[in-house]
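In the order they appear, the protein sequences are chains A and B. With the UniProt record's numbering applied, the first sequence corresponds to residues 1 to 214, in that order. With the UniProt record's numbering applied, the second sequence corresponds to residues 1 to 214, in that order.
There's no promise every hint is true.
[Claimed, not checked] Mimicking DSS-like on lysine-lysine, the simulated pairs with C-alpha atoms at most 27 angstroms apart in a straight line are:
| id | chain 1 | residue 1 | chain 2 | residue 2 |
| --- | --- | --- | --- | --- |
| 1 | B | 144 | A | 113 |
| 2 | B | 123 | A | 48 |
| 3 | A | 48 | B | 77 |
| 4 | A | 48 | B | 4 |
| 5 | A | 121 | B | 145 |
| 6 | B | 93 | A | 77 |
| 7 | A | 41 | B | 144 |
| 8 | A | 113 | B | 193 |
| 9 | B | 93 | A | 91 |
| 10 | B | 155 | B | 144 |
Everything labelled a hint here was simulated from the structure, so no lab data went into it. Please read all numbers here as calculations on a predicted model, not as lab measurements.
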Amino acid sequence: MVLTLYGNPKASCTQRVATVMHEKQVPFKLVTIDLSKGEHKAPDYLEKQPFGQIPVLDDDGYLIYETRAISRYIAEKYADQGTPLIPKDLKAKGHFEQAASVEQANYDAYAGKAVVEKVFKPMFGQTPDDAVAERLLTSLEASLDVYEKILSKQKYVAGNEITLVDIFHLPLLSLLPLTGRDVYSTRPNVEKWAKGLIARPSFQSVKDGVKSTA
Amino acid sequence: MVLKLYGFPMSTCTQRALLALHEKGVPYEMVEVQLHKGETKTPEFLAIQPFGQVPYIDEDGFILYESRAIARYIAEKYASQGTPNLLPTADLKARALFEQAASIETSDFDQYASHIVMEGLFKPMMGGTTDKAKVQDITSTLSKKLDVYEQILSKQRYLSGDNITLADLFHVPYGVLLKRAGADVLDGRPNVKRWFDDMTSRPSWQAIKSGSAA
Numbered sequence: 001m002v003l004t005l006y007g008n009p010k011a012s013c014t015q016r017v018a019t020v021m022h023e024k025q026v027p028f029k030l031v032t033i034d035l036s037k038g039e040h041k042a043p044d045y046l047e048k049q050p051f052g053q054i055p056v057l058d059d060d061g062y063l064i065y066e067t068r069a070i071s072r073y074i075a076e077k078y079a080d081q082g083t084p085l086i087p088k089d090l091k092a093k094g095h096f097e098q099a100a101s102v103e104q105a106n107y108d109a110y111a112g113k114a115v116v117e118k119v120f121k122p123m124f125g126q127t128p129d130d131a132v133a134e135r136l137l138t139s140l141e142a143s144l145d146v147y148e149k150i151l152s153k154q155k156y157v158a159g160n161e162i163t164l165v166d167i168f169h170l171p172l173l174s175l176l177p178l179t180g181r182d183v184y185s186t187r188p189n190v191e192k193w194a195k196g197l198i199a200r201p202s203f204q205s206v207k208d209g210v211k212s213t214a
Numbered sequence: 001m002v003l004k005l006y007g008f009p010m011s012t013c014t015q016r017a018l019l020a021l022h023e024k025g026v027p028y029e030m031v032e033v034q035l036h037k038g039e040t041k042t043p044e045f046l047a048i049q050p051f052g053q054v055p056y057i058d059e060d061g062f063i064l065y066e067s068r069a070i071a072r073y074i075a076e077k078y079a080s081q082g083t084p085n086l087l088p089t090a091d092l093k094a095r096a097l098f099e100q101a102a103s104i105e106t107s108d109f110d111q112y113a114s115h116i117v118m119e120g121l122f123k124p125m126m127g128g129t130t131d132k133a134k135v136q137d138i139t140s141t142l143s144k145k146l147d148v149y150e151q152i153l154s155k156q157r158y159l160s161g162d163n164i165t166l167a168d169l170f171h172v173p174y175g176v177l178l179k180r181a182g183a184d185v186l187d188g189r190p191n192v193k194r195w196f197d198d199m200t201s202r203p204s205w206q207a208i209k210s211g212s213a214a
């Protein structure tokens, strides 16, 4: 039975999982959850995802939520096809986990919220909190200064091969310029890495909206 | 050569790594980092941990930072000793449910708990004044998440099933500080309380808790 992904075509988290599906060449069916109609808070959806968030993966009755958990599951289940995305060697794995933790604590914590304030809130007619957004972007820039150093010595965040963690940084990498801060022009290594990820066919397939591939 | 853990006893993130080391019975030497003397911002420190944070480990020259990455590395390397299955690897679905719980910990608990503790406990300890409205606001968000935890933990003993994993233990260092920080959120939900008390009564936490600010 084909994998079913419950999510929304334009939602960042849904796009993140869909990018991984494309990298691993795994067909999936997208079932759209309409957030504007509150479908993510409907009782039958809350049975699948008790936090009322998207996306959720249904693999023949096996349910899993949280984008990074879904992505890891796909990358492990389909380890032998598509792009290898999780290293097997213990020490390489250690560096992978280090980068994964940095992505959440030192990147997404700032970038995710800044993009919500500066990009999504105006899109939905809400007023952004500019003071909060500016503080978040300043913290993000401090982290990106460190990324600039790390990426001067290696091609990707966990080493010289691409891993899931690089993909986790999408789609926010493509949305950061819309916040009004120029995070790339003073950081050539970050820019090169980001542009390379954005150009990957997997992300190009989903960036304008995730579609079913099965 | 014995593993060196660079951090300090009161650091919540160092405690996260310490929990893993104690659960797996791995000998280590703690090298105390003088945070208050600005040691983490020196060029020597930044050459090793470029984000200027603790903890990191030096295992015979192999450097790893980010407490959750360190804990995962220890759990995998020493899989066959100490508490079993802290990071389930044998079964793909069990592993994915662990990743789901690990992601819930960072997105739905840590980002709120850490801010509450910073604002409500560490800030006054360093001579600042707590913004009580901010603490209340974040506490109310965390409370809603803990309502979901209560639901999940009413059906199973731990966050990813009936066996304890790292994802559960990661909650402890900030969890024990919430009440002192002004957020009494763990006692009022019977299953959450049962789960949390279970973890703090474990020998691993008992061995290191004297370093905690709780």
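Does the structure break any of the earlier hints, and which numbers would those be? 2, 3, 4 and 8
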